[in-house]
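There are 2 protein chains.
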Amino acid sequence: MNKKTDKASTPQRILDSAEALFAESGYDGVSLRMITKLAGVELALPNYHFGSKLGLFRAVIQRRSVILNNERMEALNALSDRAEIEDLIEAFIGPFLRRSLFGGEGWRDYARVVAQIANSPRWTSEIMSAEFDPVAIEFIRRVRVRFPVAKTEDVYWSFHFLLGAMTMTFAQTGRIDLLSGDTCHGSDLSEIHLRMVPFLSAGFCRLCKGST
Amino acid sequence: MNKKTDKASTPQRILDSAEALFAESGYDGVSLRMITKLAGVELALPNYHFGSKLGLFRAVIQRRSVILNNERMEALNALSDRAEIEDLIEAFIGPFLRRSLFGGEGWRDYARVVAQIANSPRWTSEIMSAEFDPVAIEFIRRVRVRFPVAKTEDVYWSFHFLLGAMTMTFAQTGRIDLLSGDTCHGSDLSEIHLRMVPFLSAGFCRLCKGST
DNA sequence: GCTATATTTGAACGTGCGTTCAAATATAGC
DNA sequence: GCTATATTTGAACGCACGTTCAAATATAGC
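Residue numbers (the numbering used here), protein chains in the order written: chain A, 211 to 422; chain B, 211 to 422.
By construction, these hints were calculated from the structure, which means they are not laboratory data. Values in this document were obtained by computation on a predicted structure and should not be read as measured data. A portion of the hints provided could be inaccurate.
Copies of the same chain are indistinguishable here, so a pair counts whether it falls within one copy or spans any two.
[Said to hold, decoys possible] Dumping the calculated DSBU-like pairs for lysine-lysine here, alpha-carbon to alpha-carbon at most 30 Å:
(1) 419 <-> 247
(2) 247 <-> 263
(3) 263 <-> 419
(4) 361 <-> 247
(5) 419 <-> 361
(6) 361 <-> 263
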């Protein structure tokens, strides 16, 4: 479809540039002029392909949320009902972890956009819940299979803590690098994986094992 | 100092309005015209009192970070060196928890601003590290007293997970209310306190107790 | 190769942005 | 009560914003 020398179609180039800029400065911190200049396309094209700036923002989110949700669902479905909490958490955060740390700049920027909208009341229902709640509900259902006596609220709150820890970590803000004087590195996959799954698993166990 | 019928001085009113609007839409999503209209003051006054829009933003953060840091430091200093991890976590998150959920709209809005800047690479070093790292370092020091054999990286990463869970939770985005179908409530202090301290404590224990 | 559709171009629209400034007014020290 | 300083006013600056549109160009179906 593309001309032979083009690396990507116009909509793709716009999405890539928008993603990179939204990751750095958020929805309102980026203009269509910045995006089109970075993408090397005319100013009017985002509105032609995505309807509006908001439509472009939504398209940036959805492009990868579809991939992410599929991978998470597959990973959850691959587990038996007897799966340990470590496996469930791994199935939920693993795909995002690997993508955001190994999937190139696009996925890293995507994780930064997700972290920003996940922490803003403005985008919570409109984007976060709409895009990510179905898989979250399935994850929670599986946790309740693993911990049948857990109180409903304990499971939801555990998931919420997981969500906060995960989104901030994958956003790679540089905070831990600064705070630790470069002892820890927010871009090191094994550093994170080795610690996030045990940390969160322990939290789920403490809260959901049934000690009222 | 104020005229008798005035509820607050001009700088205070500007800070309050800015805080409320920044909480909803972030730094770039708010204009000085919106802020001054809400505050009922002239457009030029934020620049007179705070130098620039960025200066106002910084002032919004610092006004309450000073209070927060003092309360956290006092709570940490009130603990003996034998304090359990639950006590250390309580000392760190307790002041913010009570303020953001019981301190009125101002503190709730402040928690939302903090969540947004804590999850954006743009503000990490400039604001987050500058404002909050000193107390974080003291907290981490105390955790290492409690877990002398813990690896340095494990303590930093545990703190990072705590940070992500805490900032998102206190921001009260409404996500958990939506996801749980109003079973859980992001504005319920006891709901949160009862669960966040045990969840995070279990994570710290698992990671920092020394099982290499 | 012609035609119908899809895409790109380049310019313009009205609006709102952060900041600045001189003039007007209020406040505090003596 | 006068004077020096602090604060407020109201208007303007140049610039960038998201969106729109008719014209130009490229693409695909037959």
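Quick rundown of the hints versus the structure:
For a Cα distance limit of 30 Å, the shortest separation of residue 419 from residue 247 qualifies neither inside one copy, at 54 Å, nor across copies, at 52 Å. In the homo-oligomer, the alpha carbons of residue 247 and residue 263 lie at most 30 Å apart both inside one protomer (15 Å) and across protomers (26 Å), since each shortest distance falls under that limit. With identical chains, the CA atoms of residue 263 and residue 419 are never at most 30 Å apart, being 46 Å at best within one copy and 49 Å at best between copies. For a Cα distance limit of 30 Å, the shortest separation of residue 361 from residue 247 qualifies neither inside one copy, at 52 Å, nor across copies, at 46 Å.
Taking the closest pair of Cα atoms, residue 419 and residue 361 come within 30 Å of each other both inside a single copy (9 Å) and across two copies (28 Å). When the C-alpha separation of residue 361 and residue 263 is checked against a cutoff of 30 Å, the pair qualifies neither within a copy, at 42 Å, nor between copies, at 46 Å.
The structure is inconsistent with the numbered hints 1, 3, 4 and 6, although it conforms to all the rest.
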